[in-house]
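Undergrad: Sequence:
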Amino acid sequence: MVVRHAPTAATRSFTFPGDEAIDDRGRAAAAALSDVLPSGYDVLCSPARRCLETAACAGLAQPAVDDDLAECDFGSWTGRALATLTEEQPDAVRAWMTEPGAAPHGGESLTAFAARIARWLDAQATRDGGAIAITHGGVVKAAVVHALGAPLEAFWRVDVAPLGITELHAHNGRWTLTRTNSRSLAAAA
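Numbering (the numbering used here), first residue to last: 1 to 189.
Just so you know, the hints here were simulated from the structure itself, not pulled from any lab data.
Virtual Cβ for every residue (Gly too), placed ideally from N, Cα, C.
Be careful, since some hints might not be right.
Stated by the list, open to error - With beta-carbon atoms standing in for the labels, derived distance ranges: (1) G130 with G79: 29 to 37 Å; (2) P38 with A83: 19 to 27 Å; (3) D159 with T98: 12 to 20 Å; (4) G106 with D42: 33 to 41 Å; (5) A125 with A28: 30 to 38 Å; (6) A83 with A125: 25 to 33 Å.
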């Protein structure tokens, strides 16, 4: 089960995030996760502050930090709004969104990022028992694309809302998508 972190100022403004905190509405919404997430699962978490805070607000004690759950490295675009970048660097933004190997920001390409998430997800298929991973929208999107065996271009067609819950199950090394972007009513902040 993968859960996108609670909202931040960056998610609300379509800005490439740094290591920011969740906002006050996000804290209240994250607390509602405790009503919908199963108990007894291992809890994994991106090292990002927004993910660790989401886990804490949801009452998920002692998450194991997993660096592979980090969001894509956006390089020089970190902290910048997509709208501004589209105006200033339209060719670079277009390349990033249409050429999976492009990394005009100097960070991770979509190809490299998706490969990292695919390795992580495949390793999860060998786990005994379930896990809840508190992570990022990009990680969830890449996991869904990999689980479905979809082409990487499908990444841009998957929407993951803050606090959206995506449930995947492994069966003999293959993944099944059970639900995606599910939220409790209280988490719809």
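Undergrad: Next step is simple, just say for each hint if it's right about the structure.
TA: Hints and how they fare:
In this structure the hint that G130 and G79 lie 29 to 37 Å apart at CB holds, the actual value being about 35 Å. Between P38 and A83 the beta carbon distance is about 38 Å. The supplied range of 19 to 27 Å is therefore violated. Evaluation of the 12 to 20 Å hint for D159 and T98 yields a pass: the beta carbon distance comes to about 18 Å. For the pair G106 and D42, the supplied restraint of 33 to 41 Å holds, since their beta-carbon distance comes to about 34 Å.
Between A125 and A28 the C-beta distance comes to about 34 Å, which sits within the given range of 30 to 38 Å. A hinted range of 25 to 33 Å is violated for the C-beta pair A83 and A125, which are about 38 Å apart.
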